[in-house]
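**Student:** Residue-level listing of the chains:
2 protein chains.
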Amino acid sequence: MSVTSDGGERATSLADAAVGGDRLALARLLTAVENRTPVAEAAMRRLYPTAGGAHLVGITGPPGSGKSTLVAALIAEVRRAGRPVAVIAVDPSSPITGGALLGDRVRMQAYADDPDVFIRSMASRGHAGGLAATSTAAAAVLDAAGFGLILIETVGTGQSEVEVAAAADTTVVLEAPEMGDEVQAIKAGLLEVADLVVVNKGDRPGAQRTASQLRAMLVAAAPRPQLAAAGETARPERPRPKRPEVLITTATTGDGVPELLAALDRHRAVAAEADGPPPAARLARAEAQVWAIVADRLRDGLHDGAHEAATETVLADVADHRLDPYSAADRLLAILRETAG
Amino acid sequence: MSVTSDGGERATSLADAAVGGDRLALARLLTAVENRTPVAEAAMRRLYPTAGGAHLVGITGPPGSGKSTLVAALIAEVRRAGRPVAVIAVDPSSPITGGALLGDRVRMQAYADDPDVFIRSMASRGHAGGLAATSTAAAAVLDAAGFGLILIETVGTGQSEVEVAAAADTTVVLEAPEMGDEVQAIKAGLLEVADLVVVNKGDRPGAQRTASQLRAMLVAAAPRPQLAAAGETARPERPRPKRPEVLITTATTGDGVPELLAALDRHRAVAAEADGPPPAARLARAEAQVWAIVADRLRDGLHDGAHEAATETVLADVADHRLDPYSAADRLLAILRETAG
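Chains as they are written, first to last, in the working numbering: chain A, 1 to 341; chain B, 1001 to 1341.
Just so you know, the hints here were simulated from the structure itself, not pulled from any lab data. Mixed in with the good hints there might be a few duds.
Said to hold, decoys possible - Here are a few chain B residues that face chain A, going by a calculated C-beta distance under 8 Å:
hint	residue
1	E1259
2	L1261
3	D1265
4	Q1289
5	R1322
6	P1325
Said to hold, decoys possible - Some chain B residues close to chain A (C-beta under 10 Å, calculated; not the full set):
hint	residue
7	V1019
8	G1021
9	A1042
10	L1218
11	I1248
12	P1277
13	E1287
14	D1317
By construction, the Cβ of each residue, glycine as well, lies at the ideal position given by its N, Cα and C atoms.
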């Protein structure tokens, strides 16, 4: 997709306005980023090198753990410290049309005239791996616009959603006391991506016991090396030097929330001191973004005028089981080789 | 990844054994498919053209709606009719290591010596879009092995998971009476992918009211055309000629389950009568599989000896914000062009 000089100019002024504090421009730019339009491309080429300083915090947990309420309480705490904060809510309410939870809208209202709070709901569709690429690109734009703390809220029951939260600099896994069996099972998987574990709804009976159980689980869970499957790109493991801390919060009253913010800042400070190559979470974010663009370009090539019919025939043959997927892949790679030549 | 003649022979005998009724061979083949090994490639090239006859049923819903119990009740009902049935449980319990819910294991025990029931839990990792590709490939293997009905159970709160269920021939969305607000919001998004809606836990107060509310929502929801975002490949819409039926079941007692199976069979029969190009769900499955293999091959090329260092440098530069993702994509495409030439 080539950027016309017109699209380029529009993107430049939109990007400059967004970075200059124009919140409507920022919202429009994020929409462009979500749709991967030419405007987004030109703007990202301009803004991306100025970003990289923000602290990305992933917040994930099962439905009912109180993620949205805790995010609202964190916003209030961050604002008390006079710091700007942005939220990307990866919206589980509609996988198709991307609606927003009622609570989201209420929260947005509360900060409608605070220029240092920016809340964005997003639902990614269509693209494989789109969620990671889109939320990462959106975070880069918010970073360039001066938001030094970016919270990414996802539901902790979907693979893509957990991956998005886990690719943050700091990953917070939320739990609540006395959740059902199904949710307990989910918990075990989630704990593996946690830098910080938070037992929310701390005023409920059993909160202390849940926290103790979680601490015991974290002691028992020896770090296990992840082997890449054959043919799969090995993902560098994020070093987890310390066992995750377990905190208790009551988001509705704000209890424990200052301690949570302090723990987030500490985690960030420790990571910032480390030398060496970029941390695995940053590499994973980079790879998700770049690969999504590469995949877009390749798909564009396959569905380009000259090759569209051949591509459609190959896919229809697989759908009808006249052709196996590996032979089909060979044919599409041959088409790509042609378009590259 | 080239298939050695040795791997090819092993794959052939494994595939033949799996299709011939050897359940251990089937389990091993599914593991190979999950890991996309060379054995899986050779086996898929052999088996895929013999598959395509099975009815794929996606079953999805929020945690707590009783999916697993309903799947167990459906298995019992299908077996009463003397038909074989396979289940692919896309396991939400661990996005990372892929554990299985306790209930799953109990269910597996119950059918341990019934050769016409095959239950498989799978958790896909690492690959973008891996869940759709893996579950589809696994379904093709089970199809080739003679399972005419394949249930794919996913949690209805993750984007990838919902996409997997929605790519089935028939998509069942499960709800339960009296779920909380967060879950209610999730429901709206889920309903859009439903061919059949099931209110489970029908013995609870409010089941009839929930069913009525759902019917009202489905009447209100006018079908809306989906526009592809700029730069995005348009996905053909699955035609939904009829408003989804709303059924009530009580999975624990089996009430309503025979009616559900009959509704599934009816939906299948109507689809089978339709002429024309392959339905969108089948095309989406084909595309997911083929694209995953294409992406694997391209990634292999990028991380091949000669290009690995260049690729790593590009990604590290993006991670450190020295290079924007679009310029990085240009560089990786140039590398791919080189490897293709």
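**Student:** Next, verify each hint and record whether it holds.
**Tutor:** Checked hints:
{"no.": "1", "hint": "E1259", "verdict": "violated (25 Å)"}
{"no.": "2", "hint": "L1261", "verdict": "violated (24 Å)"}
{"no.": "3", "hint": "D1265", "verdict": "violated (21 Å)"}
{"no.": "4", "hint": "Q1289", "verdict": "holds (4 Å)"}
{"no.": "5", "hint": "R1322", "verdict": "holds (7 Å)"}
{"no.": "6", "hint": "P1325", "verdict": "holds (4 Å)"}
{"no.": "7", "hint": "V1019", "verdict": "violated (15 Å)"}
{"no.": "8", "hint": "G1021", "verdict": "violated (21 Å)"}
{"no.": "9", "hint": "A1042", "verdict": "holds (9 Å)"}
{"no.": "10", "hint": "L1218", "verdict": "violated (14 Å)"}
{"no.": "11", "hint": "I1248", "verdict": "violated (21 Å)"}
{"no.": "12", "hint": "P1277", "verdict": "holds (6 Å)"}
{"no.": "13", "hint": "E1287", "verdict": "holds (6 Å)"}
{"no.": "14", "hint": "D1317", "verdict": "holds (8 Å)"}
Hints 1, 2, 3, 7, 8, 10 and 11 from the list above are not met by this structure, while the remaining hints are.
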